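Colleague: Listed in order, the protein sequences are those of chains A and B.
Residue numbering for the first sequence follows my numbering, beginning at 85 and increasing consecutively.
Residue numbering for the second sequence follows my numbering, beginning at 85 and increasing consecutively.
Fair warning: there could be bad hints in the mix.
What the hints assert, rightly or not - Calculated pairs, DSBU-like style, for lysine-lysine (alpha carbon to alpha carbon, straight line, at most 30 Å):
hint	chain 1	residue 1	chain 2	residue 2
1	B	Lys229	B	Lys368
2	A	Lys489	B	Lys229
3	B	Lys229	B	Lys214
4	B	Lys461	A	Lys429
5	B	Lys335	A	Lys489
6	B	Lys524	A	Lys524
7	B	Lys489	A	Lys431
8	B	Lys429	A	Lys350
9	A	Lys198	A	Lys350
10	A	Lys474	B	Lys368
11	A	Lys474	A	Lys489
12	A	Lys489	B	Lys350
13	B	Lys461	A	Lys489
14	B	Lys335	B	Lys368
15	A	Lys134	B	Lys474
16	B	Lys350	A	Lys461
17	B	Lys431	A	Lys440
18	A	Lys489	B	Lys214
19	A	Lys489	B	Lys139
20	B	Lys524	A	Lys440
21	B	Lys229	A	Lys490
22	B	Lys489	A	Lys350
23	A	Lys198	A	Lys295
24	B	Lys335	B	Lys198
25	B	Lys461	A	Lys350
26	A	Lys474	B	Lys134
27	B	Lys440	A	Lys139
28	A	Lys490	B	Lys524
29	B	Lys489	A	Lys490
30	B	Lys200	B	Lys182
To be verified - Which residues of chain B face chain A? A few of them, derived with a C-beta cut under 10 Å, are:
hint	residue
31	Asn233
32	Gly240
33	Ile278
34	His398
35	Ala448
36	Asn475
37	Ala498
38	Pro527
Since the hints were derived computationally from the structure, they do not count as laboratory data.
None of the values given here were measured: they were computed from a predicted structure.
Cβ coordinates follow ideal geometry from the N, Cα and C atoms, glycine included.
2 protein chains.
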Amino acid sequence: MIVIIGLGTAGVYATRWITTLNREEEITIIEKHSYESYSPCGIPLILERKDDFSKLKHPFPRTRRINVLLEYEAIEINASEKKIKVLNKKNNEIKEIKYDKLLYAAGAEPLIPKIKNADGFINKGVFIVKTLEDANSIKDFIVKKNIKNVSVVGAGAIGLEMAYALKSWNLNVHVFEMFPQPFPRVLDPEMAEIVKNELEKFGISIHLNSKVDEIVVENNRIIGIRSGDSIFNADAIILATGVRPSTEILKNIVNMDRSFIVVNDKMQTSNPDIYAAGDCIITKNYVDGSYAPVQLATTAAKQGIVAGINLAGHDATYSGALGTFVSMVGNLEVAAVGLTENQAKEKFQIVTARAKTLDRPEYAGGEEITLKIVCDKNNGTILGAQAVGKNASSKINVISLAIRKKASAEDLSALEIAYCPEVSDLYDVINMAADLILRKINPNNYTF
Amino acid sequence: MIVIIGLGTAGVYATRWITTLNREEEITIIEKHSYESYSPCGIPLILERKDDFSKLKHPFPRTRRINVLLEYEAIEINASEKKIKVLNKKNNEIKEIKYDKLLYAAGAEPLIPKIKNADGFINKGVFIVKTLEDANSIKDFIVKKNIKNVSVVGAGAIGLEMAYALKSWNLNVHVFEMFPQPFPRVLDPEMAEIVKNELEKFGISIHLNSKVDEIVVENNRIIGIRSGDSIFNADAIILATGVRPSTEILKNIVNMDRSFIVVNDKMQTSNPDIYAAGDCIITKNYVDGSYAPVQLATTAAKQGIVAGINLAGHDATYSGALGTFVSMVGNLEVAAVGLTENQAKEKFQIVTARAKTLDRPEYAGGEEITLKIVCDKNNGTILGAQAVGKNASSKINVISLAIRKKASAEDLSALEIAYCPEVSDLYDVINMAADLILRKINPNNYTF
Numbered sequence: 085m086i087v088i089i090g091l092g093t094a095g096v097y098a099t100r101w102i103t104t105l106n107r108e109e110e111i112t113i114i115e116k117h118s119y120e121s122y123s124p125c126g127i128p129l130i131l132e133r134k135d136d137f138s139k140l141k142h143p144f145p146r147t148r149r150i151n152v153l154l155e156y157e158a159i160e161i162n163a164s165e166k167k168i169k170v171l172n173k174k175n176n177e178i179k180e181i182k183y184d185k186l187l188y189a190a191g192a193e194p195l196i197p198k199i200k201n202a203d204g205f206i207n208k209g210v211f212i213v214k215t216l217e218d219a220n221s222i223k224d225f226i227v228k229k230n231i232k233n234v235s236v237v238g239a240g241a242i243g244l245e246m247a248y249a250l251k252s253w254n255l256n257v258h259v260f261e262m263f264p265q266p267f268p269r270v271l272d273p274e275m276a277e278i279v280k281n282e283l284e285k286f287g288i289s290i291h292l293n294s295k296v297d298e299i300v301v302e303n304n305r306i307i308g309i310r311s312g313d314s315i316f317n318a319d320a321i322i323l324a325t326g327v328r329p330s331t332e333i334l335k336n337i338v339n340m341d342r343s344f345i346v347v348n349d350k351m352q353t354s355n356p357d358i359y360a361a362g363d364c365i366i367t368k369n370y371v372d373g374s375y376a377p378v379q380l381a382t383t384a385a386k387q388g389i390v391a392g393i394n395l396a397g398h399d400a401t402y403s404g405a406l407g408t409f410v411s412m413v414g415n416l417e418v419a420a421v422g423l424t425e426n427q428a429k430e431k432f433q434i435v436t437a438r439a440k441t442l443d444r445p446e447y448a449g450g451e452e453i454t455l456k457i458v459c460d461k462n463n464g465t466i467l468g469a470q471a472v473g474k475n476a477s478s479k480i481n482v483i484s485l486a487i488r489k490k491a492s493a494e495d496l497s498a499l500e501i502a503y504c505p506e507v508s509d510l511y512d513v514i515n516m517a518a519d520l521i522l523r524k525i526n527p528n529n530y531t532f
Numbered sequence: 085m086i087v088i089i090g091l092g093t094a095g096v097y098a099t100r101w102i103t104t105l106n107r108e109e110e111i112t113i114i115e116k117h118s119y120e121s122y123s124p125c126g127i128p129l130i131l132e133r134k135d136d137f138s139k140l141k142h143p144f145p146r147t148r149r150i151n152v153l154l155e156y157e158a159i160e161i162n163a164s165e166k167k168i169k170v171l172n173k174k175n176n177e178i179k180e181i182k183y184d185k186l187l188y189a190a191g192a193e194p195l196i197p198k199i200k201n202a203d204g205f206i207n208k209g210v211f212i213v214k215t216l217e218d219a220n221s222i223k224d225f226i227v228k229k230n231i232k233n234v235s236v237v238g239a240g241a242i243g244l245e246m247a248y249a250l251k252s253w254n255l256n257v258h259v260f261e262m263f264p265q266p267f268p269r270v271l272d273p274e275m276a277e278i279v280k281n282e283l284e285k286f287g288i289s290i291h292l293n294s295k296v297d298e299i300v301v302e303n304n305r306i307i308g309i310r311s312g313d314s315i316f317n318a319d320a321i322i323l324a325t326g327v328r329p330s331t332e333i334l335k336n337i338v339n340m341d342r343s344f345i346v347v348n349d350k351m352q353t354s355n356p357d358i359y360a361a362g363d364c365i366i367t368k369n370y371v372d373g374s375y376a377p378v379q380l381a382t383t384a385a386k387q388g389i390v391a392g393i394n395l396a397g398h399d400a401t402y403s404g405a406l407g408t409f410v411s412m413v414g415n416l417e418v419a420a421v422g423l424t425e426n427q428a429k430e431k432f433q434i435v436t437a438r439a440k441t442l443d444r445p446e447y448a449g450g451e452e453i454t455l456k457i458v459c460d461k462n463n464g465t466i467l468g469a470q471a472v473g474k475n476a477s478s479k480i481n482v483i484s485l486a487i488r489k490k491a492s493a494e495d496l497s498a499l500e501i502a503y504c505p506e507v508s509d510l511y512d513v514i515n516m517a518a519d520l521i522l523r524k525i526n527p528n529n530y531t532f
């Protein structure tokens, strides 16, 4: 019996591969929500369109060998006897489930930062963005209270996508970011500047270097947000300041690093019968081998697959995450992969190049795209890239494979892209940026 | 003195790299047209939009060291004395130009197939599609003669894009293809079927296995087109049946293969002072090492770059073409790279897989995309791919790099794509197709 705790992305993909490779395996899945898997990344889009959040659910295929326990919460793991105490949240009954192998994929919860009054007003004006219930709470509050002023704390993907969605409702939207730029972990400053300008053009006020200190409350109602000495009107606050892993139950059972579970390249924890995958683990970076939490659905899927193959009795190895990422901030596509310049230069001698062009010829309606590539100076190996503008993610997907295959700027200079004026230009922004790297490295010979 | 014959894509890119690497080099360019470089691939799009074909021109940057002779035609090459006889087409004067190194990049001309009456009616109802003059002739003829019925001969990219453009003018459009499918050289039959269905849905009549025998003429006016025993109304005919290289002038001077110039991997012909690039040469296939003409602007650009670097006194090697290709047939994107199944199975033991999915989640407005991958059965190495549907070319661009880097299905299964519901789905069609290959190969261990 394989038990999986959490039917998020990692749990779903693990189950798929287990059942594909080993049809006889019995699987029990413990999921605390009342619904099966869903797409949290779709929340800002559905909000923007004033659509129904239940569209984000995707029912899990039930088979004879898969038992899904919804609204059950794992409350205790006994690793020596290989059993789990679970709480039925509907009737408060507790029962025990035995496992041979366990996959822990319970994910992470949004972090509620230390801001005065944040804790006390959760779902009463202060909101996190994770579950469909969270999403409905935000929508209901704004509609029913006829909210005009919303502040978003955190200028990462979730914060900015929510800010854009709410701005498109014609609300006054302020975004607060303690770092000096939006997307502080994935973009270099000059690329982030393009995003900032776009946000401002759309009428979103973005406050950088602005730690939020207090949610200002009057008569038990939120009226503002304070950063330092400045107070801004705010009737509702969205918190998008990162996550903390849901790993308390495994404390003292498996090795952890900063509360995230540590796994080997088989997705196995320090207890060989317990595997872990997804947002609750700390993930190896493919490029530099460092470890950090990665909160991407695609990473969770890959890790779930690796765990699933191993749980099914086959052999799979996870070689690390590239952090391939895209966010749509209004009409601006922002994508990145691998290391930023700032991250790369701590460990490598680097060379960078930035190219800006139209994605298609001007006569075909070309739109701007800017691509930055970060390479190892010694051999031109690609370490990372960032793209902002039209089709940014399609450029980044190519570079994702480039990094995986240890490709160099020369390979990207030689890259043969598909050209037709309606979809692309003859010489791609990838070719252009790579050529600039080549000119800086100045190789003795070129191979195309 | 470097002399370049032909200011098409190969000539333009060669010139750019020569001047970048060696600012002192003097270059003379001989171009028979009255305008500098332009984008022939844009003709169908401009036609569809009833826009101005002159938008396809892109003036060439003049510098002190670059001398562009427009409306000059090279009429004789004396390789032993390294000089070229050129004809000034405006005043019929002939002069001689000396060269130290010559780049021959004169391209190819549309082939006029052996169809009764085709030759006699060129530009009087029968048209080729290459120059801006050709494009204007087509547009003028259709508008002035109030044409209702157009037939297109050849169901490759140019033929189908022209057919779509003219259908969007509400003309009756028939396409004739002697092979049993559209895109006969780049798609396998089942992928071509998707294109055929789309053409028919749009109201274009497509006649497969249909060699055109005669253009039917009455009173010196075109009235129909005959294939076998069937005659169809036609007031205008577009020929899109391939090209013949413009290489007569080099006959007996450099080695040729089927009238195409043979070059080594430095883009050097059998005469070491004469280089050649673009549509006039026969090109090595990167995947299987075979030689064939490749009529792609992107290939011409790469070959021009390699020739340019070598002409500038540096060292560049061309490792072959992948044939990365995209065509927009109406709203249907058709793209391919590397070998088709039919081409690959002549030389490799292969395994193939086809995945069909939505490019984005359904709630985000996902549209269909079908991807077929062809792999070497022994090691999963990617040999080719074809994609039809939304964002087809962005999938093919990733696989273009995959083939170049000898990546395997495992690498594509592990590919980390950028996910955000507005632009992509969590599990990409590339991942899906690669997974299917893995299941067929059934590896002992998987690396993600």
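Colleague: It remains to establish, for every hint, whether it holds in the given structure.
Modeller: For each hint, the structure was consulted:
{"no.": "1", "hint": "B:Lys229 / B:Lys368", "result": "violated, 45 Å"}
{"no.": "2", "hint": "A:Lys489 / B:Lys229", "result": "violated, 57 Å"}
{"no.": "3", "hint": "B:Lys229 / B:Lys214", "result": "holds, 22 Å"}
{"no.": "4", "hint": "B:Lys461 / A:Lys429", "result": "violated, 41 Å"}
{"no.": "5", "hint": "B:Lys335 / A:Lys489", "result": "violated, 43 Å"}
{"no.": "6", "hint": "B:Lys524 / A:Lys524", "result": "violated, 44 Å"}
{"no.": "7", "hint": "B:Lys489 / A:Lys431", "result": "holds, 25 Å"}
{"no.": "8", "hint": "B:Lys429 / A:Lys350", "result": "violated, 36 Å"}
{"no.": "9", "hint": "A:Lys198 / A:Lys350", "result": "violated, 36 Å"}
{"no.": "10", "hint": "A:Lys474 / B:Lys368", "result": "violated, 33 Å"}
{"no.": "11", "hint": "A:Lys474 / A:Lys489", "result": "holds, 25 Å"}
{"no.": "12", "hint": "A:Lys489 / B:Lys350", "result": "holds, 26 Å"}
{"no.": "13", "hint": "B:Lys461 / A:Lys489", "result": "holds, 20 Å"}
{"no.": "14", "hint": "B:Lys335 / B:Lys368", "result": "holds, 21 Å"}
{"no.": "15", "hint": "A:Lys134 / B:Lys474", "result": "holds, 25 Å"}
{"no.": "16", "hint": "B:Lys350 / A:Lys461", "result": "holds, 26 Å"}
{"no.": "17", "hint": "B:Lys431 / A:Lys440", "result": "violated, 41 Å"}
{"no.": "18", "hint": "A:Lys489 / B:Lys214", "result": "violated, 39 Å"}
{"no.": "19", "hint": "A:Lys489 / B:Lys139", "result": "violated, 40 Å"}
{"no.": "20", "hint": "B:Lys524 / A:Lys440", "result": "violated, 42 Å"}
{"no.": "21", "hint": "B:Lys229 / A:Lys490", "result": "violated, 59 Å"}
{"no.": "22", "hint": "B:Lys489 / A:Lys350", "result": "holds, 26 Å"}
{"no.": "23", "hint": "A:Lys198 / A:Lys295", "result": "holds, 11 Å"}
{"no.": "24", "hint": "B:Lys335 / B:Lys198", "result": "holds, 24 Å"}
{"no.": "25", "hint": "B:Lys461 / A:Lys350", "result": "holds, 26 Å"}
{"no.": "26", "hint": "A:Lys474 / B:Lys134", "result": "holds, 25 Å"}
{"no.": "27", "hint": "B:Lys440 / A:Lys139", "result": "holds, 21 Å"}
{"no.": "28", "hint": "A:Lys490 / B:Lys524", "result": "holds, 27 Å"}
{"no.": "29", "hint": "B:Lys489 / A:Lys490", "result": "holds, 9 Å"}
{"no.": "30", "hint": "B:Lys200 / B:Lys182", "result": "violated, 43 Å"}
{"no.": "31", "hint": "Asn233", "result": "violated, 26 Å"}
{"no.": "32", "hint": "Gly240", "result": "violated, 13 Å"}
{"no.": "33", "hint": "Ile278", "result": "violated, 17 Å"}
{"no.": "34", "hint": "His398", "result": "holds, 7 Å"}
{"no.": "35", "hint": "Ala448", "result": "holds, 6 Å"}
{"no.": "36", "hint": "Asn475", "result": "holds, 7 Å"}
{"no.": "37", "hint": "Ala498", "result": "holds, 7 Å"}
{"no.": "38", "hint": "Pro527", "result": "holds, 9 Å"}
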